[in-house]
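Trainee: Sequence:
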Amino acid sequence: MNKVAIGLLGTKLDSGQSADRWEKWRPTVSLFQHQDLLIDRLDLISDGSSGRILERVCEDISMVSPETRIEVHSVDFGDPWDLAQVYGTLHDWARQQPFDPASEEYLIHLTTGTHVAQISLFLLNEAGTLPGRLIQTAPPIPKQRHRDAADRVGRYSFIDLELSRYDELKTRFEEERLESTDFLKSGIATRNEGFNRLIDRIEQVALRSQAPILLTGPTGAGKSHLARRIYELRQQRTGLRGDFVEVNCATLTGDTAASALFGHRRGAFTGAQQDRPGLLRAANGGMLFLDEIGELGKDEQAMLLRAIEEKSFLPVGADAPVESQFQLIAGTNRDLSEAVAEGAFREDLLARIQLWTFTLPSLADRREDIAPNLEFETRRFSREQGGDVSFNREAREAFLRFAEDPATPWRGNFRDLNAAVTRMSTLASRGRVGVGEVEEEIDRLRAGWSGREPQNPDREVLTSVLSPEQVEEIDPFDQVQLAYAISVCRESKTLSAAGRKLYSASRKHRKITNDADRLKKYLARWELDFTGVGGG
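Just so you know, the sequence shown maps onto residues 1 to 536 in the working numbering.
Since the hints were derived computationally from the structure, they do not count as laboratory data. What you are looking at is a predicted structure, and each value in this text was computed from that prediction instead of being measured. Treat each hint with caution, since some may be false.
Unchecked claim - Here are the simulated EDC-like cross-link-like pairs (lysine to aspartate or glutamate), alpha carbons at most 20 Å apart as the crow flies:
| id | residue 1 | residue 2 |
| --- | --- | --- |
| 1 | Lys493 | Asp517 |
| 2 | Lys3 | Asp160 |
| 3 | Lys3 | Asp79 |
| 4 | Lys521 | Asp443 |
Unchecked claim - Quick list of simulated restraints, FRET-style, between CB atoms:
| id | residue 1 | residue 2 | range |
| --- | --- | --- | --- |
| 5 | Arg306 | Pro468 | 42 to 48 Å |
| 6 | Arg380 | Thr219 | 19 to 25 Å |
| 7 | Pro476 | Glu368 | 44 to 50 Å |
| 8 | Leu207 | Ser450 | 42 to 48 Å |
| 9 | Glu342 | Ser390 | 27 to 33 Å |
| 10 | Leu207 | Glu105 | 34 to 40 Å |
| 11 | Asp319 | Gly448 | 49 to 55 Å |
| 12 | Gly317 | Arg95 | 54 to 60 Å |
| 13 | Glu384 | Glu338 | 37 to 43 Å |
| 14 | Ala318 | Pro468 | 42 to 48 Å |
| 15 | Leu207 | Arg52 | 44 to 50 Å |
| 16 | Glu527 | Gly317 | 22 to 28 Å |
Cβ atoms here follow ideal geometry from the backbone N, Cα and C, with glycine treated the same way.
Starting from the given sequences, assemble the full structure and let the hints guide the process.
Mentor: Here it is, written out as structure tokens:
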């Protein structure tokens, strides 16, 4: 079988006219100086602008390998640094060649030509348009360069596209991929195969595309958390410099919606005392997460569509548009196709944001992931509270029996699980969650899902010292902690005694243990004090 080499004339590396040209390494010529590589024909591609170099290279090849037939192919690349032009030119050339793999073996030389041309040859070979094996030549090892003529020939090697010779490289790529997917899962060893495949695909898209991403799924499935992890992954791996800007579109109502998103100019409307940049501008160079995007008004939808497509928008009251380069991640628990049919959502905007759509499953559909998520939430509570909380064996088994039971609805998904862990960990005696805390929490969850009030609710404790309006202003997990702190105060004779009980775990790791002062400051956050809540 005849060997046919296909290569590009190198206008720099292949150059040389004087007798000392044989002292330097010239890639195209060196390809024919290897005794163990006999080539019958060279298809040499030239742009026609290097006539003298082309003539000399052909003469020298004929001198070192007289049995090789040389065919010169003149092409016009146009702009040699324009990938589309160069690839198109080489593609057209390749399609016109009478390749015959049955009788000829083709070697595609990748060492000469611009990087753009080399990339084009690689892509054409990978696509099958240019058949053959990839071969590269290399200069001699530096310590050999000034020995005999054989040393000056240099080296050659074949490039294996299957990477079968690069197991270490494959292993490294796989490790990096696993690191990325593990990062997106916050290090949780999830077991649900469907969810793991979903995260694998999101990792690919997050690192390769800047197009909008649409995250769908029920409330509490983790859309907001995943959006931030995507942003942080892009920061680590692609050098994303801008900020992560998050907004729940359900909170944008009335005349202030457009102003919040797109900004306004001073005097644009009553109350516009100064310029406001807007959230899209704040996300310039970074990522914008619009949760519950289906709640946006039609006017804001139209403005957002322009901002996505043109990377510019018109602030309220402005005469000139402003630019913002941001990547959009949208979240929704609604069926946006139904919203389009109902006339509540723009069809063109949906078409623009659903290129990459990922649906996050509910917690009830991932029951095998409840155990690793329970461990994650417990570690997170311990880290945030500066203590060490864990479940005893019986308590953990009891909670998982309930949590993994198909009859347990988990209507709030991971929000319910997070709240449950927060309550049990807060009430845990000496940082150990027991069966008692688990049984109390199970009753509380069931009561909440059934719509009835649980027994001995924390709200009763809070409303004994705060107004119902004040209680409504406190986050649910803070309500649990505050109610427990008040109960401990009422059971304790002094502020110090209450502090010692509340901070019994973390005080072991502190050199200075002023528990009374810590508790006093904590109660002061809610404008309360020890005696005022019934302490002593």
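Trainee: Please go over all the hints and tell whether each is borne out by the structure.
Mentor: Consistency of the hints with the structure:
1. Under the criterion of a C-alpha separation no larger than 20 Å, the hint pairing Lys493 with Asp517 is consistent with the structure, at around 16 Å.
2. Taking the CA atoms of Lys3 and Asp160, the gap is near 18 Å; set against the 20 Å cutoff, the hint holds.
3. A hinted pair counts as satisfied when its Cα atoms are at most 20 Å apart, and Lys3 with Asp79 does not qualify at roughly 31 Å.
4. With a CA separation close to 32 Å, the supplied pair Lys521 and Asp443 exceeds the 20 Å bound.
5. Separation of Arg306 from Pro468 is about 45 Å and conforms to the stated range, judged on CB atoms against 42 to 48 Å.
6. Between Arg380 and Thr219 the C-beta distance comes to about 20 Å, which sits within the given range of 19 to 25 Å.
7. Between Pro476 and Glu368, the C-beta spacing of about 27 Å breaks the proposed range 44 to 50 Å.
8. The supplied range of 42 to 48 Å is met by Leu207 and Ser450, whose beta-carbon atoms lie about 44 Å from each other.
9. A beta carbon spacing of about 49 Å between Glu342 and Ser390 contradicts the range 27 to 33 Å that was offered as a hint.
10. Between Leu207 and Glu105, the C-beta spacing of about 37 Å keeps the proposed range 34 to 40 Å intact.
11. In this structure the supplied range 49 to 55 Å holds for Asp319 paired with Gly448, their Cβ-Cβ distance being about 52 Å.
12. At roughly 56 Å, the beta-carbon separation of Gly317 and Arg95 lies within the given 54 to 60 Å, and the hint holds.
13. Range check, Glu384 to Glu338: about 39 Å between beta-carbon atoms, so the 37 to 43 Å window is met.
14. The beta-carbon spacing between Ala318 and Pro468, approximately 44 Å, falls within the hinted interval of 42 to 48 Å.
15. At about 46 Å, the CB distance of Leu207 to Arg52 agrees with the hint of 44 to 50 Å.
16. Here the CB-CB span from Glu527 to Gly317 is close to 40 Å, at odds with the stated 22 to 28 Å.
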